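**Q** Given next are the chains, with one letter for each unit.
2 protein chains.
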Amino acid sequence: MDKKMKRTRIADALHGGLVGQEINIKGWVRTKRGNKAVNFIALNDGSTIHNMQIVADLASFDAAQMSQITTGACIGVIGTLVESQGAGQSVEVQASAIEIYGTADPATYPLQKKGHTLEFLREIAHLRPRTNTFGVIYRIRHHMAIAIHTFFHNKGYYYFHAPLITASDCEGAGQMFQVTTLNPDSLPRTEEGQVDYRKDFFGRHTSLTVSGQLEGEMAAMALGGIYTFGPTFRAENSNTPRHLAEFWMIEPEVAFLEIEDNMDLAEEFIKYCVQWALDNCMDDISFLSEHFDKELIDRLKFVLEKPFVRLAYTEGIRILEEAVKNGVKFEFPIYWGADLASEHERYLVEVHFKTPVIMTDYPKEIKSFYMKLNDDGKTVRGMDVLFPKIGEIIGGSEREADYDKLVARANEMGVPEKDIWWYLDSRRYGTAPHSGFGLGFERLLLFVTGMSNIRDVIPFPRTPNNAEF
Amino acid sequence: MDKKMKRTRIADALHGGLVGQEINIKGWVRTKRGNKAVNFIALNDGSTIHNMQIVADLASFDAAQMSQITTGACIGVIGTLVESQGAGQSVEVQASAIEIYGTADPATYPLQKKGHTLEFLREIAHLRPRTNTFGVIYRIRHHMAIAIHTFFHNKGYYYFHAPLITASDCEGAGQMFQVTTLNPDSLPRTEEGQVDYRKDFFGRHTSLTVSGQLEGEMAAMALGGIYTFGPTFRAENSNTPRHLAEFWMIEPEVAFLEIEDNMDLAEEFIKYCVQWALDNCMDDISFLSEHFDKELIDRLKFVLEKPFVRLAYTEGIRILEEAVKNGVKFEFPIYWGADLASEHERYLVEVHFKTPVIMTDYPKEIKSFYMKLNDDGKTVRGMDVLFPKIGEIIGGSEREADYDKLVARANEMGVPEKDIWWYLDSRRYGTAPHSGFGLGFERLLLFVTGMSNIRDVIPFPRTPNNAEF
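Chains as they are written, first to last, in the UniProt record's numbering: chain A, 1 to 469; chain B, 1 to 469.
Source of the hints: derived by calculation from the structure; they are not laboratory data.
Please note that a few of the clues may not be correct.
Note: identical chains are not told apart, hence a pair may lie in one copy or across any two.
The calculated lysine-lysine pairs, modelled on DSS-like cross-linking and capped at a C-alpha distance of 27 Å, are [what the hints assert, rightly or not]:
1) Lys199 <-> Lys405
2) Lys405 <-> Lys329
3) Lys4 <-> Lys155
4) Lys329 <-> Lys354
5) Lys6 <-> Lys306
6) Lys271 <-> Lys6
7) Lys354 <-> Lys155
8) Lys389 <-> Lys354
9) Lys4 <-> Lys36
10) Lys389 <-> Lys418
11) Lys36 <-> Lys301
Just so you know, these numbers come straight off a predicted model, no measurement behind them.
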C-alpha cells in the first residue's frame, strides 16, 4: 500500500466531490457484512457520525487478511470513490488495497456491534469515544468550545487564565480539594501542634479553585472585557447525574456592564451557542435526537425563538405561591427568601412562561457577598438564567463596585478582609460598574446534547470514588 | 451624563472613522497634564496599547471634579471625536461631560506614572494588568490562544479535555501535587498503618496531572485528531525564570501521523502562531520590542523565514563534539546518551544552523516509555523543536503503536502494567500509527513576547512559596 498517498477524511469524501478518484481512507471498523463474493465494511474515522462503506471484492483479497477485519479493527483502504448502488449511502469505496493497522479480537473487544448501556460505557471511558454516541458528544463538545471562544473574541473580550491552585477560599461556592506536597506520614507541626503549612509547597494551605471570577474581575478592571474558560472543582460528596467534582466553567467579566447589559450578554451568548450547534452539528444532534431525546431539536429551537422573560425574584415567588394555591405540588416549600429548587425553576420556564427566564434581584442572604446591593437594601443584582429540562444554566450578577458597601457585605457574610485585600483593591483604585456570569460548560452540553447524566458529556468524569483513567 | 449612550472602545475610536461624532469613552486614567485653561487626560480601556487623549476645557468643568481625575482613576467621557492638533495622536476627544466612576488616591495607589520593576509588579499581580506592559502581554496571550484553537479547528482536530485530577502517575514527567479531602489531623489508617486512601474523596490516592497526553491518545484513536489545551502541574521545587508549578499546555494527538508528519505539523503550527502574532498584535509587539527586547521582531521573523532543520540526535552530538574540539566551551559535558542542555540546543540553533532545529531519534534511555522504538533498538522517534533564546519549545514523538513493544518498554522503564491497563487497551484493540507533541503555552509566550521571566507571561504565577491571589 502506498504510504505516501494523502489520507482523505471520511467527512470530506462523503461530500461526493471526489467521485471517480482514487482515495486513501483510514479508520476503525464499525461492522462488516457480506457474502462469499463481496464484503461491505462500515468504516468510521471520527470526522463525522457517518461511516464510509468499503466494498471489498473477495476475489482480490486474501481470506486470512479479511478475517482479521472485525469490529474495532483499524485499517487503511485505497480505492476508488464511486456512487453507491445500495441504500443508505450515496458513495462508497471500491477497495483496491487494504492494510490492517490493528486488529480487535472479537472474543475480548468490549465494543461489539450490540448496543451498550451508558453505565457500562462509563466503565470503559477510554474506549467509549469509539462509539457513535460518544463520537457525537465529543464533536459537539468541541464545537461548543469553539463557539464560546469565537463569540467572546468577536466582542473584543480577552481569554484570561485564572489560577487553579489558590490560597483563597472566600468565594463561598463550595467545598474545596486540598493541594499539598506534604508527606502525610511526617507532617510538619507548629509549636501549637497544628499542621505547619508554611512548610508546604506554596508556604501556605492551598486548594483547587471553585471559580476564577475574583481574579477575572481584576483583569476586567484593566482590559475591559475578559472571559475565563477552565476547570473548576467542588469537593461536595454529591453522587447525582448533575454534579461533577471537576468540570469546566466559562466566566466572562466585563467593565461598564450593568445588570441589564449583563442579561443582554448572557442571552445573546447562549443563543449564539445553541445556534452554532444547529448550524454546525446537525448530523450529530439528529443522532442524539433519534436515540436519546426525541424533543431535543424542538427544545433547542425553543430557546432561540423568543426573548427570555426577565423576572424579579419577588415576582417569581408570587407566581409560584399562586401556583401552589391552584393545586400545583412542589417537593420543597416556596416562600420569599427561599432558594429556588430545580422544580420551581422548571415550572416557571416550562409551564408558566414557556420560555427561558432570567430571574433577578434575589434576597441578599442567599447570594454571594460580591453582588451589587439594590437600593432596597434587601435584594442584590444577581441573575440566574433558567432553562427547560435543566433549570439554572447561568448564574451571574452585577458586582458591587462600591468599596464601603463591599466591605460591609463581606463582613456580614463572614469573609475575612485580610483574605480579599487584593480584591478590595480593585474597588479602592479606579473602581467601575461591572458584571459577569458563570456558565457550567457541562450544563450547556447537557442542554445541547439532551443527555441526562453529566458524566456522559465530559471525557473522563471525576465523581466521589471515581478517578479512573 | 447620558447612561444609555453606547460606549465606543478606544481601539475602534482611534481608527478615525468616527471623527466629528459624539462618542462615549470609558477607561482608566494613565496620565493627566495641562495648564490653567485645559487638561489633557490619557485614557486607556484595555482594547489597545494606545490611549485616547481627552481634552477638557477647564471653563466647562468643576475644579473639584477635575482634581479627582488622577492616574488610575476610572472615568467615563462624552465628547466629540476630533482630529488632534497635537503631536503623538491623530484624534482626540473634546469632552463635554465627564463622570468619575472610581478615584485612585495618589498617596496610596501603587501604579503612579513612574516605571516599576517587573519584580515589584509581580507582588501586585492583581493590579499589573493596568500597566502598559501587562496589558500588552495579556492581549498577546489571548491572541495566541485564539490562534491555537483556530489552527486545530481548521484542521478538523477536536478540542479535548483531559482530566486534571488523576490517579495515574505513570507519565514520568515530574513530581506531582497530591489532591485530597482527608483531614490531616485524623488521617484514616489501614490495618498496616498506612494512610487509607480508600477513605479519600476518590477512594484512592490522587494527584494533579502532569500531562493530558495519555488520555488524549484514547480520543485520537477514535476521533482521528484531537488537541488538549489545559492546565498541567509540576511540584518540582524549581525557583527559576523558566519554571511554573501551574502552567498551560497544548497537546495535539493525531491518528495516522508518523514522525515526519508530526514534524510537519509542529513546524506548521508554530509558524502559524508566530505569523498570527505579527498579523494581529503588531502594536503590542512593537511596545515590547522597544522596551524589553530590541531583537524581538527579528527573532519572530527569523523562525518564519526558512524550513526548520531536521537533525538526528546522533548527528547533533557529532556537531557539538566537533564544536568542543574547535574550542567552544559548554558548562555541561556532551556525549552520546547525554540529555542536551539549553546551551547545546541554542548553539545548534543560533550558532551552527542559524535556524530552528527539530531534533529526532533520541536514545531511548532519556525518553518516555511511550515513544516508538526505531529499528536500531537504541533510539526512539522522539522529536524536540529547538528555538532561539529559549531552547526546547515543543517535545513530542511518534507513539509506540505495537502492544508487545509498548509493554516491554513500560517494563524497562518501571511503569506498572496495572496502572496503564486502559492505555494498553488502545494498542490491544484497533491500534494505529499516531503521533503528538506538547507545547508549553508560557514557553510560546516567552518567545512571542520576548519577556525573560515566565512569571510575567501568566496572570497569577504559582511557584514555590507563592500562591497569592
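**Q** Does each hint hold? Answer for all of them.
**A** Here is how each hint holds up against the structure:
{"no.": "1", "hint": "Lys199 <-> Lys405", "in the structure": "neither (37 Å within a copy, 43 Å between copies)"}
{"no.": "2", "hint": "Lys405 <-> Lys329", "in the structure": "neither (39 Å within a copy, 63 Å between copies)"}
{"no.": "3", "hint": "Lys4 <-> Lys155", "in the structure": "between (43 Å within a copy, 19 Å between copies)"}
{"no.": "4", "hint": "Lys329 <-> Lys354", "in the structure": "within (19 Å within a copy, 76 Å between copies)"}
{"no.": "5", "hint": "Lys6 <-> Lys306", "in the structure": "between (47 Å within a copy, 24 Å between copies)"}
{"no.": "6", "hint": "Lys271 <-> Lys6", "in the structure": "between (39 Å within a copy, 22 Å between copies)"}
{"no.": "7", "hint": "Lys354 <-> Lys155", "in the structure": "neither (30 Å within a copy, 40 Å between copies)"}
{"no.": "8", "hint": "Lys389 <-> Lys354", "in the structure": "within (12 Å within a copy, 60 Å between copies)"}
{"no.": "9", "hint": "Lys4 <-> Lys36", "in the structure": "neither (32 Å within a copy, 76 Å between copies)"}
{"no.": "10", "hint": "Lys389 <-> Lys418", "in the structure": "neither (41 Å within a copy, 41 Å between copies)"}
{"no.": "11", "hint": "Lys36 <-> Lys301", "in the structure": "neither (48 Å within a copy, 61 Å between copies)"}
In the structure shown, a violation is registered for the earlier hints numbered 1, 2, 7, 9, 10 and 11, in ascending order.
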